[in-house]
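Q: In order, the protein sequences belong to chains A and B.
First residue of the first sequence: 1, per this note's numbering; consecutive thereafter.
First residue of the second sequence: 1001, per this note's numbering; consecutive thereafter.
No wet-lab data here; the hints were simulated from the structure.
Ideal Cβ positions, reconstructed from N, Cα and C, are used throughout, including at glycine.
Possibly wrong hints are sitting among the right ones.
[As the list claims (entries may be wrong)] Using C-beta positions, here's what the derived DEER-type ranges look like: (1) B:Lys-1115 with A:Glu-13: 50 to 58 Å; (2) B:Gly-1033 with A:Glu-11: 36 to 44 Å; (3) B:Ala-1138 with A:Lys-8: 39 to 47 Å; (4) A:Ser-73 with B:Ala-1138: 35 to 43 Å; (5) A:Val-107 with B:Glu-1065: 21 to 29 Å; (6) A:Gly-105 with B:Glu-1037: 25 to 33 Å.
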Amino acid sequence: MTVNDVVKIPEFEIVWQEEDRQVTSVFTCDLLSICMAKAPEDSAWVTVMGNRNVIAVASLADVSCVIAAEGCSFDEEAVEAAKGKVTLLKSPLPVFETACLVHQGLV
Amino acid sequence: MEPMILEYTVSADDFSGAGEASGDVKKTLKSLGFPPEVIRRVSVAMYEAEINMVIHARGGKITVEISPDEIRVCCEDVGPGIPDIDLAMQEGWSTASDKVRGLGFGAGMGLPNIKKYTDYLDIKTVVGQGTTLTMSVAV
Ligand SMILES: Nc1ncnc2c1ncn2[C@@H]1O[C@H](COP(=O)(O)OP(=O)(O)O)[C@@H](O)[C@H]1O
Ligand SMILES: [Mg+2]
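Next up, chain A with everything else stripped away, as it sits in the complex:
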């Protein structure tokens, strides 16, 4: 599965799109220290945080995309920071259901 497949999931909305890349797993967490240490490379990261620091962590952990679940949005600073770095999506669904939708594409 690639990010282009994730952005095609009808429930999701694109906030910012980067070049396509592989998605090999899905990861959910909101505490940045845990995400930083545990988010697998090439994962789709589902979170309810939408600040600029999420982009820094996403980029350092090298995840494929960040999905703001539960109807949360990325703030302007975050979207600005994501440019050249990482694809951002939004989902109105809860974290678990959002992650499940990605997971369905992985199995």
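Chain B with the ligands: place on chain A using the hints.
A: Using the frame of chain A, we list chain B with the ligands on its own:
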């Protein structure tokens, strides 16, 4: 071969900019062709130290020394210092404010993560004067 030296200033309370220094080091290590696992360990550890300087110590200075066999990161601040290092090293222990927690930080995992991801860690701290954290990752 002389190590490559990178220097960064981390500004106080700059939550938005935090991570820039680590991001830059990551990019540099990538372009130099270091193994992904080494890059990840340096990035995680340095980001945690960078964030700590922002949230606990009014910013500071980071020096990175890149050699073929080792990446060394030295983080110096003139913040409040750490009164009890053993306590600070414990997973989950944090003095972060609610505001900081609201941003997703303050899990009390920073120092334990740094310890876990580096091969060498030394913390010199004097209460009221500041903290110098030196860490290195072997290649
Ligand atoms: N550079 C620093 N200056 C002063 N205190 C620090 C510094 N770094 C860490 N600390 C102290 O050690 C505690 C634990 O740090 P850490 O494990 O990174 O957790 P967190 O940053 O989430 O609180 C902090 O809450 C803080 O009290
Ligand atoms: Mg910390």
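Q: Would you mind marking each hint as holding or not holding in the structure?
A: Verification of the hints:
no.	hint	in the structure
1	B:Lys-1115 with A:Glu-13: 50 to 58 Å	40 Å, violated
2	B:Gly-1033 with A:Glu-11: 36 to 44 Å	40 Å, holds
3	B:Ala-1138 with A:Lys-8: 39 to 47 Å	43 Å, holds
4	A:Ser-73 with B:Ala-1138: 35 to 43 Å	42 Å, holds
5	A:Val-107 with B:Glu-1065: 21 to 29 Å	45 Å, violated
6	A:Gly-105 with B:Glu-1037: 25 to 33 Å	27 Å, holds
Checked against the numbered hints above, the structure violates hints 1, 5; every other hint is satisfied.
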